[in-house]
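2 protein chains.
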Amino acid sequence: MNSNKQNIIETFKDIQNHICNGLKDLTNQNFEEDKWKYNQGEGGGITRIFSDGPIEKAGVNFSSLSGNLSEKIGKNIIGKGKKFFATGVSLVIHPDNPFIPTIHMNIRYIERNNKCWFGGGIDLTPFYIEDHDIKNFHKKLKNICDKHPVANYYEFKKHCDDYFFIKHRNEARGVGGIFFDYLEKNFDQTFNFVKDVGYNFNDIYIPIFKNYKDKKFSTNNKKFQLYRRGRYVEFNLVYDRGTLFGLETNGRIESILMSLPPLTSWKYNWKPIQNSKEENLYKQIIPRDWISS
Amino acid sequence: MNSNKQNIIETFKDIQNHICNGLKDLTNQNFEEDKWKYNQGEGGGITRIFSDGPIEKAGVNFSSLSGNLSEKIGKNIIGKGKKFFATGVSLVIHPDNPFIPTIHMNIRYIERNNKCWFGGGIDLTPFYIEDHDIKNFHKKLKNICDKHPVANYYEFKKHCDDYFFIKHRNEARGVGGIFFDYLEKNFDQTFNFVKDVGYNFNDIYIPIFKNYKDKKFSTNNKKFQLYRRGRYVEFNLVYDRGTLFGLETNGRIESILMSLPPLTSWKYNWKPIQNSKEENLYKQIIPRDWISS
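Protein chains in written order, with the working numbering: chain A, 639 to 931; chain B, 639 to 931.
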């Protein structure tokens, strides 16, 4: 293994630790840890799960593995050849309190033949949120991007809006964030950017969590959260490339599906009451420029 | 419209009524009805929803519509040409009591160019069930098939086991039933068989429902039901051809996804306790011959 690869793996493991320590300090919950081997090739991962507390369910996963791509998957990504190596950190946090948004973050590094690239992103899926929190979230992401010549906030923000879109609902999954893939130019600069995304996760999310974690919520607030979590499931199982990649490559199913919510509901043809806080969310998730607005 | 088609449509509507009346008598719940138009072509449907009672959620849908197939869908079904006509009844019932199984039934008639065919099936997804109930369920299906020269129980049973299989879990969705498609020979005989499936639904399912509807259940029983419902969601969103056909043809989303459970949970890496009733289900859903065993 070359030193770049080893360096990325160690850094990604450190980012997993950094995030898990942040979450432990935040809620005093301890994670359950599973070390697993990839049974379709070499390598494996470390899955950490927080549950049954202020964090109703969260999975923070590190993996580093190599194997062979199926023809179907091979066709849909860049590069040539069957062999691949992939390492990454991915997480989804489903808080108990509906006033705290669900969040997803992922950073990854992939090699195929003589090609290698970074990808990843952060996006926020709120139920009840104030506009200034969304603005602040986007501003923090823009600040990170602005520090790195390889990163363009507006481009990555648009990519995120396009990607996290639930076509069959004609709805965005949430209020977006940044999403990037196939960053293959200038290894060092890109790695620095990806590290910054990973190490800044706590600073981006934990203040929002703290701000709302003691806010009282009603049964109706909770019901709305469970209902909206249904959209998360729909997106992840129908469209998410990471999930489908995992299913297609016979990945470790519990780690792939750790992103699914703890409790979810579907209600036929449900519509929010006019001018309610619930209806407001449907307006907030329409993609827009959160920086200059 | 030719008289065959009109006859099928009227019969399918009558089957929807027959089933809905059976369910109303069973639980004294009233359905909520939605008449809708297919906005990508002609026709539409009648969706009926039972909820918030002994039937926690059920959708019984009739539709009759025509339009154009996308290239992707067109490639995956028999026949040639873009134009299609489809009519059918489909239902999924999610009972509140975990001792009552979830059930799915579907009958449909499709035309494409000069080809036309029937398809459909019934399959049972229990949480806690006695072997004799499964045997009885399969015997009733075999009795129906045995009356019709176009139907072969063993062939349709195998087709069902193959189809309702959750590949990424290496698990069957439930205890199977019958599944058939592309029945295009001998219109009258096939229509008679399909009618028999539809009109016999109540006789197949309602006795099981009645038998267990007053059985007391614990929080753990309910939790197990919610957990297993997660598998139902995974199957429907990742594999179900009807669902994917609906999403691809921009069908009416609320009617397509009415099959999704009212309340569902995912728990990381959950395993049943050895020799528990929950573990027993995992043995029962391994496909086997329920008739001669």
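Any given hint might turn out to be false.
Stated by the list, open to error - Pulled from the structure, derived: some chain B residues nowhere near chain A, Cβ distances all over 12 Å:
#1 G682
#2 D771
#3 Y850
#4 R890
#5 E916
To be verified - Derived contacts from chain B toward chain A, CB cut-off under 7 Å, selection only:
#6 G705
#7 L707
#8 L901
What the hints assert, rightly or not - Straight-line C-alpha distance at most 25 Å; calculated DSS-like pairs for lysine-lysine:
#9 B:K710 with B:K753
#10 A:K860 with B:K675
#11 B:K777 with A:K673
#12 A:K710 with B:K861
#13 B:K861 with A:K805
#14 B:K777 with A:K905
#15 A:K753 with A:K643
#16 A:K675 with A:K777
#17 B:K915 with A:K805
#18 B:K861 with A:K860
#19 A:K720 with B:K915
#20 B:K833 with A:K713
#21 A:K921 with A:K854
#22 A:K805 with B:K643
#23 B:K777 with B:K713
#24 B:K721 with A:K805
#25 A:K905 with B:K673
#26 B:K915 with A:K905
#27 B:K720 with A:K905
#28 B:K905 with A:K673
#29 A:K833 with A:K662
#30 A:K921 with A:K643
#31 B:K905 with B:K915
#32 B:K753 with A:K905
#33 A:K675 with B:K805
#34 B:K851 with B:K777
#35 A:K710 with B:K643
#36 A:K805 with B:K851
Don't read these hints as lab results, they were simulated from the structure. As the structure is a computational prediction, the values presented were derived from the model and not from experiment. Even glycine gets a Cβ: it sits at the ideal position worked out from N, Cα and C.
These are the hints, each one checked on the structure:
1. Every Cβ of chain A is farther than 12 Å from the Cβ of G682 of chain B; the closest lies at roughly 15 Å, confirming the non-interface assignment.
2. Remark: the non-interface label on D771 of chain B is consistent with the geometry, its nearest Cβ contact in chain A lying 27 Å away (cut-off 12 Å).
3. At the 12 Å boundary, the C-beta of Y850 of chain B stays outside the reach of chain A, the nearest C-beta of that chain being 23 Å off.
4. R890 of chain B, annotated as away from the interface, has a beta carbon of chain A within 12 Å; the closest lies near 10 Å.
5. With a cut of 12 Å on Cβ distances, E916 of chain B stays outside the contact zone with chain A, its closest approach being about 17 Å.
6. The closest approach between the C-beta of G705 of chain B and any C-beta of chain A is roughly 16 Å, which is over the 7 Å cut-off, so the hint fails.
7. Against a cut-off of 7 Å between C-beta atoms, the interface hint on L707 of chain B is violated, since the closest Cβ of chain A lies about 17 Å away.
8. Against a cut-off of 7 Å between C-beta atoms, the interface hint on L901 of chain B holds, since the closest Cβ of chain A lies about 5 Å away.
9. Restraint check: the Cα-Cα separation between K710 of chain B and K753 of chain B comes to about 19 Å, which is no more than 25 Å; the hinted pair holds.
10. Distance hint between K860 of chain A and K675 of chain B is unfulfilled; the C-alpha atoms sit about 33 Å from each other, more than 25 Å.
11. Restraint check for K777 of chain B and K673 of chain A: the C-alpha separation of about 46 Å exceeds 25 Å, so the hint is violated.
12. A threshold of 25 Å between alpha carbons decides the hint, and for K710 of chain A with K861 of chain B the separation of about 37 Å lies outside it, so the pair is violated.
13. Of the supplied pair hints, the one linking K861 of chain B and K805 of chain A is violated, its CA atoms being roughly 31 Å apart against a limit of 25 Å.
14. The hinted pair formed by K777 of chain B and K905 of chain A fails the criterion: a straight-line CA distance of about 34 Å is larger than 25 Å.
15. Simply put, K753 of chain A and K643 of chain A have alpha-carbon atoms about 13 Å apart, close enough for the 25 Å limit, and the pair holds.
16. Of the pairs offered as hints, the one joining K675 of chain A and K777 of chain A is violated, with about 39 Å between alpha carbons and a cut-off of 25 Å exceeded.
17. Restraint check for K915 of chain B and K805 of chain A: not satisfied, since their Cα atoms lie roughly 40 Å apart, outside the 25 Å limit.
18. Distance hint between K861 of chain B and K860 of chain A is fulfilled; the C-alpha atoms sit about 18 Å from each other, no more than 25 Å.
19. A threshold of 25 Å between alpha carbons decides the hint, and for K720 of chain A with K915 of chain B the separation of about 44 Å lies outside it, so the pair is violated.
20. Our distance criterion of 25 Å between C-alpha atoms is broken by K833 of chain B and K713 of chain A, whose separation comes to about 44 Å.
21. Between K921 of chain A and K854 of chain A the CA atoms are separated by roughly 24 Å; this keeps the pair inside 25 Å, and the hint holds.
22. With a CA separation close to 33 Å, the supplied pair K805 of chain A and K643 of chain B exceeds the 25 Å bound.
23. For a cut-off of 25 Å, the pair hint linking K777 of chain B to K713 of chain B is broken: about 36 Å separates their Cα positions.
24. Proximity of K721 of chain B to K805 of chain A is assessed by CA-CA distance (about 23 Å); at most 25 Å being required, the pair is judged to hold.
25. Our distance criterion of 25 Å between C-alpha atoms is met by K905 of chain A and K673 of chain B, whose separation comes to about 17 Å.
26. For the proposed pair K915 of chain B and K905 of chain A, the alpha carbon gap of about 29 Å is over 25 Å, so the pair is violated.
27. At most 25 Å may separate the alpha-carbon atoms for a hinted pair to count; K720 of chain B and K905 of chain A exceed this at roughly 34 Å.
28. Only pairs whose Cα atoms come within 25 Å are accepted, and K905 of chain B paired with K673 of chain A is accepted, the gap being roughly 17 Å.
29. A hinted pair counts as satisfied when its Cα atoms are at most 25 Å apart, and K833 of chain A with K662 of chain A qualifies at roughly 21 Å.
30. Between K921 of chain A and K643 of chain A the CA atoms are separated by roughly 43 Å; this puts the pair beyond 25 Å, and the hint is violated.
31. Between K905 of chain B and K915 of chain B, the direct Cα distance comes to roughly 18 Å. Compliance with the 25 Å bound is thereby established for this hinted pair.
32. At roughly 37 Å between alpha-carbon atoms, K753 of chain B and K905 of chain A are farther apart than 25 Å, so this suggested pair is violated.
33. Between K675 of chain A and K805 of chain B the CA atoms are separated by roughly 20 Å; this keeps the pair inside 25 Å, and the hint holds.
34. Annotation: proposed proximity of K851 of chain B to K777 of chain B holds, straight-line Cα distance about 22 Å (limit 25 Å).
35. Distance check on the hinted pair: K710 of chain A and K643 of chain B sit about 39 Å apart at the alpha-carbon level, beyond 25 Å; violated.
36. Between K805 of chain A and K851 of chain B the CA atoms are separated by roughly 39 Å; this puts the pair beyond 25 Å, and the hint is violated.
When the structure is compared with the earlier hints, violations turn up for hints 4, 6, 7, 10, 11, 12, 13, 14, 16, 17, 19, 20, 22, 23, 26, 27, 30, 32, 35 and 36 and for no others.
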